[in-house]
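Asker: These are the residues of each chain, in order.
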Amino acid sequence: MKIAVCVKHVPEGNAKIDPSTKRLDRAGEGALNHFDANAVEEALRVKGDSDTEVVVVSLGPAKAADSLRKALAMGADRAVLISDDAAAGSDLVATSKLLAAALEKESADLVLFGQQASDSDGAVLWAAVAERLRRPVVSQAAELSVSEGSLKVKRQTEFGYDVIESPLPAVVAVSDAINEPRYPSLKGIMGAKKKPFDTLSLADVGVDAADAGEPGSKTEVLGLSEPPSRGDARKIEDDGNAAQAIVDFLAEKRLV
Amino acid sequence: MSIVVFLEQHGNELQKGSLGVLTKAASLGDPDVAAVIVGENAKALASEAGRFGAGKVFVAEDEALHQALPQPRVDVLAKIVAEHGYETVLIANSVLAADVASGLAARLDAGLNWDLVDLTRDLVGKRPALQDSVLVDVGWKSTPRIALFRAGSFDANATAGGEPEIVEVSVELSEHSAKATITGQEQEQSAGASIEDADVIVAGGRGLGAPENFSLAEELARTLGGAVGATRAVVDAGWYPYSAQIGQTGKVVSPKLYIALGISGAIQHKVGMQSSNVIVSINKDANAPIFEFSDLGVVGDVHEIVPKLTELIKQRKG
Numbered sequence: 001m002k003i004a005v006c007v008k009h010v011p012e013g014n015a016k017i018d019p020s021t022k023r024l025d026r027a028g029e030g031a032l033n034h035f036d037a038n039a040v041e042e043a044l045r046v047k048g049d050s051d052t053e054v055v056v057v058s059l060g061p062a063k064a065a066d067s068l069r070k071a072l073a074m075g076a077d078r079a080v081l082i083s084d085d086a087a088a089g090s091d092l093v094a095t096s097k098l099l100a101a102a103l104e105k106e107s108a109d110l111v112l113f114g115q116q117a118s119d120s121d122g123a124v125l126w127a128a129v130a131e132r133l134r135r136p137v138v139s140q141a142a143e144l145s146v147s148e149g150s151l152k153v154k155r156q157t158e159f160g161y162d163v164i165e166s167p168l169p170a171v172v173a174v175s176d177a178i179n180e181p182r183y184p185s186l187k188g189i190m191g192a193k194k195k196p197f198d199t200l201s202l203a204d205v206g207v208d209a210a211d212a213g214e215p216g217s218k219t220e221v222l223g224l225s226e227p228p229s230r231g232d233a234r235k236i237e238d239d240g241n242a243a244q245a246i247v248d249f250l251a252e253k254r255l256v
Numbered sequence: 001m002s003i004v005v006f007l008e009q010h011g012n013e014l015q016k017g018s019l020g021v022l023t024k025a026a027s028l029g030d031p032d033v034a035a036v037i038v039g040e041n042a043k044a045l046a047s048e049a050g051r052f053g054a055g056k057v058f059v060a061e062d063e064a065l066h067q068a069l070p071q072p073r074v075d076v077l078a079k080i081v082a083e084h085g086y087e088t089v090l091i092a093n094s095v096l097a098a099d100v101a102s103g104l105a106a107r108l109d110a111g112l113n114w115d116l117v118d119l120t121r122d123l124v125g126k127r128p129a130l131q132d133s134v135l136v137d138v139g140w141k142s143t144p145r146i147a148l149f150r151a152g153s154f155d156a157n158a159t160a161g162g163e164p165e166i167v168e169v170s171v172e173l174s175e176h177s178a179k180a181t182i183t184g185q186e187q188e189q190s191a192g193a194s195i196e197d198a199d200v201i202v203a204g205g206r207g208l209g210a211p212e213n214f215s216l217a218e219e220l221a222r223t224l225g226g227a228v229g230a231t232r233a234v235v236d237a238g239w240y241p242y243s244a245q246i247g248q249t250g251k252v253v254s255p256k257l258y259i260a261l262g263i264s265g266a267i268q269h270k271v272g273m274q275s276s277n278v279i280v281s282i283n284k285d286a287n288a289p290i291f292e293f294s295d296l297g298v299v300g301d302v303h304e305i306v307p308k309l310t311e312l313i314k315q316r317k318g
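Just so you know, the protein sequences line up as chains A and B, in that order. Positions 1 to 256 (my numbering) are the ones given, in order, by the first sequence. Positions 1 to 318 (my numbering) are the ones given, in order, by the second sequence.
Worth flagging that the hints you see were computed from the coordinates, not collected in a lab. This structure is a prediction, so every number in the text was calculated from the model and none was measured. One or more hints might be untrue.
[Unchecked claim] Straight-line distance between alpha carbons at most 27 Å, and here's what the computed DSSO-like set of lysine-lysine pairs gives:
hint, chain 1, residue 1, chain 2, residue 2
1, A, Lys235, B, Lys317
2, B, Lys126, B, Lys16
3, A, Lys235, B, Lys284
[Unchecked claim] Far from chain B by the CB rule (all over 12 Å, computed), these chain A residues:
hint, residue
4, Ala62
5, Arg69
6, Ala86
7, Ser107
8, Arg182
9, Ser185
10, Gly191
11, Leu200
12, Ala203
[As the list claims (entries may be wrong)] Far from chain B, some chain A residues (derived; all Cβ distances over 12 Å):
hint, residue
13, Glu29
14, Lys47
15, Asp49
16, Asp51
17, Arg78
18, Ala88
Glycine is no exception: its CB is placed at the ideal position from the N, C-alpha and C atoms.
Build out the structure end to end from the sequences listed, making use of the hints.
Answerer: Right, here's the structure in full:
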């Protein structure tokens with residue numbers, strides 16, 4: 001079996017938006033999106049001692065190689081980085097097209113995603129990729145089991161849990177409740193350097209430059225502004241009458 | 001600009017978040033606002049959609065839509081958008097709806113802006129970013145446009161709208177849309193009211209001291225007709241179910257009233273609740289960050305204040 005895990009390299013620390021491009025400033029230090037570590041961990045758990053191949057796939061700048069190396073150090077077998085200046089600024093439509101093109105070549109039985117990107121808060125990519133691959137998709141997987149040719153997921157929703165079954169190949173986005181990602185061991189870190197690592201251009205994945213980056217995007221950032229601030233905040237110390245003070249406040253706001 | 005709103009139903013109830021988005025759509029000045037309702041008894045829910053501003057309601061009751069799975073819904077929406085030429089598709093976020101929106105974007109090669117908290121009449125979306133420290137204006141370069149709104153962004157208000165025109169839609173499933181099936185369900189007993197739809201949320205954190213003290217939050221929530229939420233720390237500690245978790249890794253809520261009990265207000269929690277209308281917090285630590293974004297902050301002991309508060313509200317309600 002083959003499992004592909006899509007991962008993102010995200011800015012570390014206090015991310016900023018570059019006012020000139022209105023894009024996230026990706027020049028500083030970065031790290032593996034921690035939600036994607038759950039997806040890598042789940043792939044390694046499903047693999048166990050079997051001969052299943054785990055390939056990690058990312059779209060990003062050359063620096064994204066650091067995050068892929070971390071996934072290799074955790075135990076993934078191979079990495080694919082789609083990196084091309086013409087892909088910078090890709091929105092959902094363009095990103096899903098690029099990732100799907102690379103995944104099409106891999107033809108993995110199972111494609112895994114983490115539950116969101118910690119930089120953009122995006123939590124939708126898997127469904128677009130699944131649609132392009134024409135595969136079933138399940139998100140918010142709190143438990144995953146894979147057996148011969150099919151999978152079973154416990155999906156968490158606002159209303160409880162659904163058990164969802166699907167044949168493979170399929171796309172699954174795991175929640176961060178599914179596992180506790182391992183830390184790479186020293187041996188893993190050393191070993192990662194020798195593992196196969198492919199860097200692909202747009203031409204390599206077969207996507208036209210017109211379909212990538214800003215030309216291939218259907219959304220745009222128009223401007224940035226300060227979020228509205230809250231009104232006057234009040235703070236009181238409990239002198240024994242705080243409960244009454246809260247009731248008075250709620251009454252004033254017509255909330256009781 | 002013609003707008004269609006996907007309305008999510010659960011157990012024969014249209015979700016409040018969806019009706020909020022429909023209310024918003026009806027306020028944008030477009031006379032042609034339509035809604036889509038799918039699943040069991042979809043047709044019976046059409047009148048309600050009319051009251052919230054839909055002039056036309058597309059319904060699909062096909063058995064393939066009875067399960068809460070995204071891909072068959074993508075098939076229905078793609079067909080409606082293509083056949084009727086809708087330029088704008090508005091969707092309230094949920095686990096199900098996010099996957100519908102994203103699948104639809106790929107199917108139609110359409111732009112999707114997500115996590116929006118507002119949309120202007122000239123179709124500029126407002127998206128808070130970087131832990132809500134900046135507001136990003138986003139737009140679409142082509143049609144159809146797809147917008148996914150953060151839960152609780154808009155109040156659901158019934159208008160004077162009359163009976164909508166009902167259009168039945170036949171469903172043609174894509175091969176890959178029919179593959180996943182729901183084979184079982186588990187409800188979490190303690191989850192109670194869905195926190196994403198609640199007008200009042202009483203949330204508890206580490207400061208409650210022990211799992212059994214969540215009864216303080218539950219009792220206050222019951223008195224106010226609200227739901228109970230929890231921080232990641234207490235969910236991780238096993239004090240409360242994950243389904244109640246509010247924050248970056250849980251649910252994002254914006255009730256009319258949010259009462260935080262023993263919650264410090266770490267960024268992980270803040271992003272999940274800071275767009276609540278009114279925030280009241282009680283915490284022993286006068287330096288807790290939660291006080292920076294509370295409308296009323298009370299420095300004090302939750303164990304002393306909350307029982308009194310619950311009693312006073314009960315008395316007031318008679």
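Asker: Against the structure, test the hints numbered earlier, and report the numbers of the ones violated in rising order.
Answerer: Every hint satisfied by this model.
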